[in-house]
Amino acid sequence: MGRRFDAAYVFDFLLRLLEYFQITMFIVAASFLLGMLVGFLVALPRLYRIPVLDRCCAVYVSFFRGTPILAQLFLIYFGLPEWAGRIGLDLSRVPALAFVILTYALNTGAFVSEAIRAGVGSVDRGQVEAAYAVGMTARQAFVRIVLPQALAVSLPVLANLVIGGLKDSSLAFTVGVMEMTGRARTLGVATQHFIEAYIALSVIYYAVSLALERGFRLLERRMLRHEPSLAGKGGRG
Amino acid sequence: MSFDLEFAVRALFLIASALPTTFMLTLVSTVCGLVIGIAVALIRLNNVRVLSPLAAFYVSFIRGTPVLMHLFLVYFGLPVLIDEAGSWFGAANLSVRIPLVGFVLTAFSLTAGAYLSEVVRSGISAVDRGQLEAAYAVGMTRGQAYRRVVLPQALAASLPNLANIVVGMLHGSTLAFTLTVVEIFGKAQLVAAQGWNYLESFAAAALLYWGLTVLIEHLAARLERRINRFAKGGVA
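Going down the list, the sequences are from chains A and B. For the first sequence, the numbering used here assigns the number 1 to the initial residue and increments by one for each residue that follows. For the second sequence, the numbering used here assigns the number 1001 to the initial residue and increments by one for each residue that follows.
Hints in this document: simulated from the structure, not taken from any laboratory. All figures in this text were calculated on a predicted structure; none of them were measured in a lab. The C-beta atom is built at its ideal place from N, Cα and C for all residues, glycine as well. Any given hint could turn out to be false.
[As the list claims (entries may be wrong)] Computed footprint of chain B on chain A; a stretch qualifies when at least three of its residues, placed anywhere within it, have a C-beta under 8 Å from a C-beta of chain B: (1) 72-86; (2) 107-118; (3) 127-137; (4) 171-183; (5) 187-201.
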């Protein structure tokens, strides 16, 4: 299984993998931003209990939380063009990256909608009443008063979703997208130094995870700075 | 007709034949992971010298890297370590005898161990300190106190998180296909490739996972209700 371990390769691979860092980060960022949008749209019918639509959203959330992301990726990457072909649509030219981002956005959306729901639930009802009392419309009350507080409360969950998205992005190589994991695989095959390639890759993922974690913790502290009861506790992993 | 229902049903039954492998992967890695997790949690909670920082790094590293990395690191790294150790004892190429599934289970157990150690840790800290003191007071040793008093309560407290990890491991087991282990997802690929019906086979596989996930969540909720029957807080 490959050649003898050679630590010099780890450093070399580290630099060569970093060339694909931006593609990985693009997948993470694009799918998270789209996922936020999807999650927001999916959370609304459930928050306002819109009949029928809220049921559909619940099924959507249950499906994307209840199936492996890899199965979702394959279902969309292989299944969608196949289905489109049967109704006379040609999707064969669409790049694999688009399917990857679509899958991750839909997946993240399901989790985001739950986070938003929990966040909104944690905002005191009096806040809405106070907003109405000063003459805000329902929409103004939601956008200006409830949503900012809900987002602040659900920030730790959202942070975990971003870090989870980073880790899930490693699966994109299974449908042929050349990001860091895909590159590590080709480097391993080309040089027969697999373990060095994967050590280098793990170091990068680990470093990015730690950096994201730290960044989000700072952001969280900033967003909750007016809520001493929450921010004062500290030590939240 | 844009969805071949007949093929989907046929695929569902074909794919279901791989259920035992998925069950095995999920179960073994969760159970092994729980053993690792409890050990790591106890090491960290008791601040065992040398081991505690190592355990902290293990947890942080595993939680900070994709499961796929654990799989590849174990698959490509473990043989090197084993053969190196084996050559000391004059046994060459020991690693060839390890079946593929062995690597997968090792990797998944390490993954589950790190996540479960956090679950166990938060569970143990949820147990009132007085419980441990009371156990000491009636003459239990530390081992007895943990085994009989603290851990059962800690596990009961962390049941919802535990169920989440089991679901996570169920979903993670799909990665085994990258090492050509045929579980539900691997089987779905085989079925799909044979009939050129990717949509129906992956839909069938997704349906199976969905069902299993809902089942696990349902069972966990029932178990939780049962366990918490006697755990009434307060004074009444």
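Cross-check of the supplied hints:
Only residues whose beta carbon comes within less than 8 Å of a beta carbon in chain B count, and the segment 72-86 of chain A has 9; three or more means the coverage holds. For the segment 107-118 of chain A, the stated coverage by chain B is violated: 0 residues have a C-beta nearer than 8 Å to a C-beta of that chain, whereas at least 3 were required. With 0 residues having a Cβ less than 8 Å from any Cβ of chain B, the segment 127-137 of chain A misses the three-residue criterion, and the hint is violated. Coverage of a stretch by a chain is defined here by at least three residues with a beta carbon nearer than 8 Å to that chain's beta carbons; for the segment 171-183 of chain A and chain B the count is 3, and the condition holds.
Check result for the segment 187-201 of chain A against chain B: holds, 6 residues qualifying (beta carbon to beta carbon below 8 Å, three or more required).
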